[in-house]
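Colleague: Okay, here's what each chain looks like letter by letter:
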Amino acid sequence: MASAFEYAPAPESRSVVDIAPSYGLFIDGEFTEAAEGKVFKTVSPSSEEVLSEVARAGAADVDRAVKAARKAFEKWSALPGSERAKYLFRIARIIQERSRELAVLETLDNGKPIKETRDADLPLVAAHFFYYAGWADKLDHAGYGANPRPLGVAGQVIPWNFPLLMLAWKIAPALATGNTVVLKPAETTPLSALFFADICRQAGLPKGVVNILTGYGDAGEALVSHPDVDKVAFTGSTAVGKAIARSVAGTDKKVTLELGGKGANIVFDDAPIDQAVEGIVTGIFFNQGQVCCAGSRLLVQESVQDEVLDALKRRLSTLRLGDPLDKNTDIGAINSSEQLARITSLVETGEAEGAERWSAPCELPSSGYWFAPTLFTNVTQAHTVARDEIFGPVLSVLSFRTPDEAVAKANNSQYGLSAGIWTEKGSRILAVANKLRAGVVWANTFNKFDPTSPFGGYKESGYGREGGRHGLEAYLDV
Amino acid sequence: MPTTAPAFSDATASDSALRRFLFGLPGVDAVGLEARAASLGTRSIKTTAKAYAIDLAISMIDLTTLEGADTPGKVRALAAKAVNPDPTDRTTPRTAAVCVYPDMAATAAAALAGSGVKVASVATAFPAGRAALDVKLADVRDAVAAGADEIDMVIDRGAFLSGRFLKVYEEILAVKAECGAARLKVIFETGELSTYDNIRRASWIGMLAGADFIKTSTGKVATNATPANTLLMLEAVRDFRAQTGVQIGVKPAGGIRTTKDAVKFLVLVNETAGEDWLDPHWFRFGASSLLNDLLMQRQKLSTGRYSGPDYVTVD
Amino acid sequence: MSDQNRLGVFKTYKLYVGGKFPRSESGRVYEVTDSKGQWLANAPQSSRKDARDAVVAARKAFGGWSGATAYNRGQVLYRVAEMLEGRKDQFVREVAASEGLSKSKAAAVVDAAIDRWVWYAGWTDKIGQISGGANPVAGPFFNLSTPEPTGVVAVLAPRKSSLLGLVSVIAPVIATGNTAVVVASADAPLPALSLGEVLATSDVPGGVVNILSGVTAELAAPLAAHQDVNAIDLTGADPALAKELEIAAADNLKRVLRPGPVDADWAASPGTHRLTAFLETKTVWHPTGALGAAGSSY
Chain H
523 MASAFEYAPA
533 PESRSVVDIA
543 PSYGLFIDGE
553 FTEAAEGKVF
563 KTVSPSSEEV
573 LSEVARAGAA
583 DVDRAVKAAR
593 KAFEKWSALP
603 GSERAKYLFR
613 IARIIQERSR
623 ELAVLETLDN
633 GKPIKETRDA
643 DLPLVAAHFF
653 YYAGWADKLD
663 HAGYGANPRP
673 LGVAGQVIPW
683 NFPLLMLAWK
693 IAPALATGNT
703 VVLKPAETTP
713 LSALFFADIC
723 RQAGLPKGVV
733 NILTGYGDAG
743 EALVSHPDVD
753 KVAFTGSTAV
763 GKAIARSVAG
773 TDKKVTLELG
783 GKGANIVFDD
793 APIDQAVEGI
803 VTGIFFNQGQ
813 VCCAGSRLLV
823 QESVQDEVLD
833 ALKRRLSTLR
843 LGDPLDKNTD
853 IGAINSSEQL
863 ARITSLVETG
873 EAEGAERWSA
883 PCELPSSGYW
893 FAPTLFTNVT
903 QAHTVARDEI
913 FGPVLSVLSF
923 RTPDEAVAKA
933 NNSQYGLSAG
943 IWTEKGSRIL
953 AVANKLRAGV
963 VWANTFNKFD
973 PTSPFGGYKE
983 SGYGREGGRH
993 GLEAYLDV
Chain U
80 MPTTAPAFSD
90 ATASDSALRR
100 FLFGLPGVDA
110 VGLEARAASL
120 GTRSIKTTAK
130 AYAIDLAISM
140 IDLTTLEGAD
150 TPGKVRALAA
160 KAVNPDPTDR
170 TTPRTAAVCV
180 YPDMAATAAA
190 ALAGSGVKVA
200 SVATAFPAGR
210 AALDVKLADV
220 RDAVAAGADE
230 IDMVIDRGAF
240 LSGRFLKVYE
250 EILAVKAECG
260 AARLKVIFET
270 GELSTYDNIR
280 RASWIGMLAG
290 ADFIKTSTGK
300 VATNATPANT
310 LLMLEAVRDF
320 RAQTGVQIGV
330 KPAGGIRTTK
340 DAVKFLVLVN
350 ETAGEDWLDP
360 HWFRFGASSL
370 LNDLLMQRQK
380 LSTGRYSGPD
390 YVTVD
Chain W
38 MSDQNRLGVF
48 KTYKLYVGGK
58 FPRSESGRVY
68 EVTDSKGQWL
78 ANAPQSSRKD
88 ARDAVVAARK
98 AFGGWSGATA
108 YNRGQVLYRV
118 AEMLEGRKDQ
128 FVREVAASEG
138 LSKSKAAAVV
148 DAAIDRWVWY
158 AGWTDKIGQI
168 SGGANPVAGP
178 FFNLSTPEPT
188 GVVAVLAPRK
198 SSLLGLVSVI
208 APVIATGNTA
218 VVVASADAPL
228 PALSLGEVLA
238 TSDVPGGVVN
248 ILSGVTAELA
258 APLAAHQDVN
268 AIDLTGADPA
278 LAKELEIAAA
288 DNLKRVLRPG
298 PVDADWAASP
308 GTHRLTAFLE
318 TKTVWHPTGA
328 LGAAGSSY
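Residue numbers (the working numbering), protein chains in the order written: chain H, 523 to 1000; chain U, 80 to 394; chain W, 38 to 335.
A hint or two may mislead.
Once the Cα atoms are required to be at most 16 Å apart in a straight line, the calculated EDC-like pairs of lysine to aspartate or glutamate come out as [unchecked claim]:
#1 LYS593/H - ASP774/H
#2 LYS129/U - GLU528/H
#3 LYS849/H - GLU623/H
#4 LYS197/W - ASP275/W
#5 LYS764/H - GLU281/W
#6 LYS125/W - ASP90/W
#7 LYS125/U - GLU623/H
#8 LYS764/H - GLU68/W
#9 LYS280/W - ASP774/H
#10 LYS379/U - ASP149/U
If you're looking for bench data, these hints aren't it; they were derived computationally from the structure.
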């Protein structure tokens, strides 16, 4: 339905970012080709346009990068914390200076709206480096005893949903505590990590402290199983997380895993309904639902179910899907054809199992990978769409009658990453938050992140915390 | 004419019934509300959309002068501006109304006769509303008799804040009865109600009492229209129409000075109440200096050059 | 009448599961000898079904124990110390026999074990303050991190330190509200089985600590693979077994505490490491907002 007030296209300029036709691996401070000479293409998911060709790391490259990181570790870990802090502050500042360029780059490579990269990803990336920069010379006071030591070389593997933010979550605490890193970005979003390598050069970071290996799962596997890696940090699927947990058995490697989720967003009948609807939308449609802590299960009290669903559908109808570079776009592209296929298949399963599908009326662009905001009603705990992580813009709606039932259903999952509570009654928030088996509980809000706030899961959502004072522990020998 | 929408006739049956109804409305989370308003404020309105929004905003202005120093000359000048905002460009739309004190309503009516621009008059002992009911009603009668097409009343905030909701409601009913054919805008003075929960409750009292418009503020206190309180009131009229079929207008007033601000409010309207409200009949800006900024932006769009204050009229 | 004329009464050592003292469902026992090979007693040889029952008991107890106030848990742990103090002689005998220590050295070990309960009794209502707290997020939100117990923890007790090591691995697990399924040292299980009797009379709710004796690998394997066990302490496993168990534990991503050196000095100050190993951090956000709408702006 065309509105009288049709927003004209408002595209962010692409000219702020200059993407080279090809990139090498960043090892020991230099860009270099992969040992086997392999490369792969990275495409823009909103247009399928090839953005660049990047080197594909193999086992030999992993070995070279780990050696470089090991070599750099001696000096880096011996630096006074105040000096390491200054490098990190430099990096934070350069990220701020180049934030528009990085936001556009991230939007191009990932497909998420510029509104999100500009207002969420990039500010949080810079904030993360600022936060951990300040810890570097204060580790004695962090509650882990006097003079806590770094672990050594950290092997870090990150996903494609928040490429630069996940890089920041991994690299900032690792460097602040005196570790050196080898990081592998996801194969569908390698570019922002390579731009970060350039930022390390601009900041004068010593060679080998940060090494970036672009590549596929085989490179990630080679990295986490490399015998000279002391610390493994992984964000991604639960299946890969379990494989990593197996592979480090019998070693001294310290591991943190930030894995999948099936977050329950619980709306009580005394909720602030309009804000709850916004929270539901933010919970599952932020970043096209490709968020591990997404509120992908809406648990709504039966007494307000119709009211909430009507409001939700009305609201979803106003979401603007399309060109991620357009400043008014709310819903961008799905990151890859593989992910789109997975979402599509799970949605088909939902329909086949009898859940009722409703999708927002929006026109999907003809090229690129797109999925309309979708919700399922008539869902029970037994439905696949209520149990499996879809990692896409698909909300499963379940109802409950009492707070006890809400908590029981919310906790009835192998995951335990996030949950939401919506009620105006303070005591109910505290009681329910207390009972939820989830690492992050948002009450009357959702999907809020901050470098000072620890993040991580219970149960099969992984272990360890990233962010805050807690995030230091993962990189210290304590 | 029914004074209360039938769906809610029970709600106003007694003081305690009204209190129960108002306290049964969903609460408002301040941070979430303001975040939503701020998020809509990041919409980027360019080129054709901007041109549309500027003309729409001009046509929604209640061009206002509410000063102790108002004179017939000042009011006539404002009326001329309302009818012909940009003498250099006759395609510029007229404003919706000129808003004055009751004693200036006749002057305004004479100056605007035949123009299509409405005469709006504040009344009910504006802005404090601290007068006996019969004085307030006399104020309304005077304004209507002087030719006001629209009456902007203030609610009794003292009664509201002390919990006498039925008194607030009944006073609006009484004023509405005096309005005759004039449309009634009910001003809450949101800055004095202080909380968003109160603004939502006041909105419902006003809507139940037959307001044609609900309006944020007088422009005479520290905090006037904000994106958040206007968003909240837009949600109220949206919900009221969904439940009763009755459409009610919204008027933010005070503090909206720039085109950028005005466009943000129009985005709020578009994405909250919907396009049915994108019409001067259902949405107004209570403003004065806003008009010149809209005109300068309009000139910029048509000429490609930035305009300056010397190229718009000062009235 | 002298003691020499009186025939002593042997004790039948039993498991401690769900607050009760069952025999192994397998009906099997094995011989426990002292450090010189002299027979001391028969101990139940627990089966995987005993382990399963113990997990059920531990899960059942988790809600109540984790929901108890930290103050209450502290009182209960202190009560364990009191009860142990009263039965010191028995434990000195058992430790001396199990570990081949002199009576005075064994007494020192028992004293240290009692003091260890006291140490952890004092931690229950403090660990939340040192490992949690408010986080100063950049926005209008109150943000608080609190530690919560991980759940059911399988504990492989140290192979050598039959009482002090045992207490040092059990007390931190339950201090924070977890419940435990403990596999006692296979060679020296008697102090562990006797500790069950102390726990049963110390206000520790049934099922909070469950103690099994038997072949470590036989019991540890089903526990490491159990989908309703949330964490595992591998202290009592040798390196080969520890690796195997860590792999099995990955199936439901159990939190794993790897074994330290086999000759660990259990008398050393324990620190907080074992408390935090079985804690999850939960972070709760809530909007703070302004006092009124008047504070808002563009």
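Colleague: Confirm or reject each hint.
Modeller: Each hint tested on the structure:
1. LYS593/H - ASP774/H: Distance of about 20 Å is beyond 16 Å: violated.
2. LYS129/U - GLU528/H: holds (10 Å)
3. LYS849/H - GLU623/H: Satisfied, since the Cα-Cα distance of roughly 15 Å is no more than 16 Å.
4. LYS197/W - ASP275/W: holds (12 Å)
5. LYS764/H - GLU281/W: holds (14 Å)
6. LYS125/W - ASP90/W: violated (30 Å)
7. LYS125/U - GLU623/H: violated (22 Å)
8. LYS764/H - GLU68/W: Distance of about 39 Å is beyond 16 Å: violated.
9. LYS280/W - ASP774/H: Distance of about 11 Å is within 16 Å: holds.
10. LYS379/U - ASP149/U: violated (32 Å)
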